[in-house]
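Order-wise, the sequence lines are chains V and U. So that you can map any letter, position 155 of the first sequence is 154 in numbering that gives the first Met the number 0, and since no number is skipped, the others follow by simple counting. So that you can map any letter, position 13 of the second sequence is 12 in numbering that gives the first Met the number 0, and since no number is skipped, the others follow by simple counting.
Be aware that a few hints might be false.
Covered by chain V, according to a simulated footprint, are these stretches of chain U (three or more residues, beta-carbon under 8 Å) [said to hold, decoys possible]:
1. 8-18
2. 22-30
3. 37-48
4. 60-72
5. 77-88
Derived by calculation from the structure, the hints in this document are not laboratory data. Glycine is no exception: its CB is placed at the ideal position from the N, C-alpha and C atoms.
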Amino acid sequence: MEMQSIKQLSQALSDKQLSAVELTRHYLSSIEAHNDQLKAFISVDEDRAIRQAIQADNMLASGTAQALTGIPIAHKDIFCTKDLATTCGSKMLANFVPPYDATVVRKLDAVGAITLGKTNLDEFAMGSSNENSYFGAAKNPWDTNCVPGGSSGGSAAAVAAGLCVAATGTDTGGSIRQPAAFCGITGIKPTYGRVSRLGMIAYASSLDQGGAMARSAEDCAFLLETMAGFDAADSTSSNRATESYSEQINRDIKGLRIGLPRQYFSADLDPKVRNILHDALHELERLGAELVDIDLKQADLAIPVYYIIAPAEASTNLSRYDGVRYGYRCESPADLQDLYTRSRSEAFGPEVQKRILVGTYALSSGYYDAYYGQAQKARRLIAEDFQHAFKEVDLIAGPTAPGPAFALGSKTSDPLAMYLEDIYTLAVNLAGLPGLSMPAGFYDHRPIGLQLIGNHFQEGQLLATAHQYQTLTDWHSHKAPVFAGGQL
Amino acid sequence: MSVTTEQLADVATLARLKLDPQQSQPLTHAFNEILSLVDQLQALDLANVAPMAHPRDESQRLRQDKVTETNEREAFQAIAPDAQEGLYVVPPVIE
Numbered sequence: 000m001e002m003q004s005i006k007q008l009s010q011a012l013s014d015k016q017l018s019a020v021e022l023t024r025h026y027l028s029s030i031e032a033h034n035d036q037l038k039a040f041i042s043v044d045e046d047r048a049i050r051q052a053i054q055a056d057n058m059l060a061s062g063t064a065q066a067l068t069g070i071p072i073a074h075k076d077i078f079c080t081k082d083l084a085t086t087c088g089s090k091m092l093a094n095f096v097p098p099y100d101a102t103v104v105r106k107l108d109a110v111g112a113i114t115l116g117k118t119n120l121d122e123f124a125m126g127s128s129n130e131n132s133y134f135g136a137a138k139n140p141w142d143t144n145c146v147p148g149g150s151s152g153g154s155a156a157a158v159a160a161g162l163c164v165a166a167t168g169t170d171t172g173g174s175i176r177q178p179a180a181f182c183g184i185t186g187i188k189p190t191y192g193r194v195s196r197l198g199m200i201a202y203a204s205s206l207d208q209g210g211a212m213a214r215s216a217e218d219c220a221f222l223l224e225t226m227a228g229f230d231a232a233d234s235t236s237s238n239r240a241t242e243s244y245s246e247q248i249n250r251d252i253k254g255l256r257i258g259l260p261r262q263y264f265s266a267d268l269d270p271k272v273r274n275i276l277h278d279a280l281h282e283l284e285r286l287g288a289e290l291v292d293i294d295l296k297q298a299d300l301a302i303p304v305y306y307i308i309a310p311a312e313a314s315t316n317l318s319r320y321d322g323v324r325y326g327y328r329c330e331s332p333a334d335l336q337d338l339y340t341r342s343r344s345e346a347f348g349p350e351v352q353k354r355i356l357v358g359t360y361a362l363s364s365g366y367y368d369a370y371y372g373q374a375q376k377a378r379r380l381i382a383e384d385f386q387h388a389f390k391e392v393d394l395i396a397g398p399t400a401p402g403p404a405f406a407l408g409s410k411t412s413d414p415l416a417m418y419l420e421d422i423y424t425l426a427v428n429l430a431g432l433p434g435l436s437m438p439a440g441f442y443d444h445r446p447i448g449l450q451l452i453g454n455h456f457q458e459g460q461l462l463a464t465a466h467q468y469q470t471l472t473d474w475h476s477h478k479a480p481v482f483a484g485g486q487l
Numbered sequence: 000m001s002v003t004t005e006q007l008a009d010v011a012t013l014a015r016l017k018l019d020p021q022q023s024q025p026l027t028h029a030f031n032e033i034l035s036l037v038d039q040l041q042a043l044d045l046a047n048v049a050p051m052a053h054p055r056d057e058s059q060r061l062r063q064d065k066v067t068e069t070n071e072r073e074a075f076q077a078i079a080p081d082a083q084e085g086l087y088v089v090p091p092v093i094e
């Protein structure tokens, strides 16, 4: 199996060159061969996958197949899957088997996509390296001594290593884009409200958004157009009509104005990263785009605002884990308070507990105005900053992360250094904008991503721009050293 | 601003968490580092800026006050740590 696109695989399936069952078995054996090393998957459900593949073959035979019918994918283990354990990377939910499917899962199941299993993540999606997973950190297929990024690190590693064709992810502050950059794949976080949050375990509800991770922008387009759309069961879901991103993927980008924020290309940017990004931007210019220097004057506010708002919302969301209705319960509680306190203290990991504490503090009486209130106001400045920029330009480009994937363990003792990893991605979530990361080159054999940011609901433009770049370059089709090849 | 280990223990009580005595010193340090990171917001004059709760400034949709869900109590209680006769079981609250 060389690196085939969804389009090619879909064609091969409809031409009967291979069956969905054969394709699924191929990926299951690739996972079997490489998952011990990469820890990209927390769970794999072979029976479910084969059952779905048989159904997909029936759809293919009866002429009801769509682009994703028979395509083996993986879900970040934050999306609830009925009758299949959903852990969110936490001891709290290590034995949680949801009684229902997330809307995203239901939609992908409905078109005949095959769920191979559930991918690794930082506990409750809190982290930038995957090292906060209760099940052990996933590894980067480009260098297994390095992190795959986080929190959707398992999804990124699985796609990069050829253990699935594409995967779902979620992004609260960069959790799709940064691991996509670290693992040399393409990832898109859509506009807030574009993808239903029903059944997507909540971290910070005004920031969380599900999205797509795959080798190319075109593959992401197929996944995202299936995931997107209004859901009456998510009160923050947008009822704006959906678009076919795959149909507009060939839109040319002549005359497209791309803004380069001076604050993202400052003297602090690693010169090697800068050179890679400049080359990529030059390619976009060759495709007809016009590069324009712009300002995002409030860029420095993103980290402080995020590290109040996200923990505040997390402390509220995670109050539901009380050891009563589902999830972990401590042994022999002395009384109800002891049951709550010990269940939570024994089952939440250190980073999750720290963020709950920060959030509880920021929301507590006497501190609310100074922290949470002030952060909500500063959030508006960040959002207005982008709207001001979008009066001048169609898209914004910048780094996805300050550097390439870093060594496992190298930042675990310095939480602030870890938080700075997200310096270029956080503001996009605070403003609810769509953001995409695509591979743009290598830094000492590790991939570097270029981030594209669009105005609300400009996912089609982002994907088309990335696709045009990917027709001219081949960074997205380089093979990681750990890659499941082999013939069917 | 910064907090003491005792103040952090009070915050933990509000969050129904119990600090590990071995970890409370380093945790207080890490907590204060985060406060120092976010404290720059205190210096901003935002008196005339309205707070933003939704990233596209939308308000949440309301629905008709009608029952649309079916009762799935059995399925939900099947995954509870302890449920009996349709009730969630917890230690006695009143002696």
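Each hint tested on the structure:
no.: 1; hint: 8-18; in the structure: holds (count 7)
no.: 2; hint: 22-30; in the structure: holds (count 4)
no.: 3; hint: 37-48; in the structure: holds (count 8)
no.: 4; hint: 60-72; in the structure: holds (count 3)
no.: 5; hint: 77-88; in the structure: holds (count 6)
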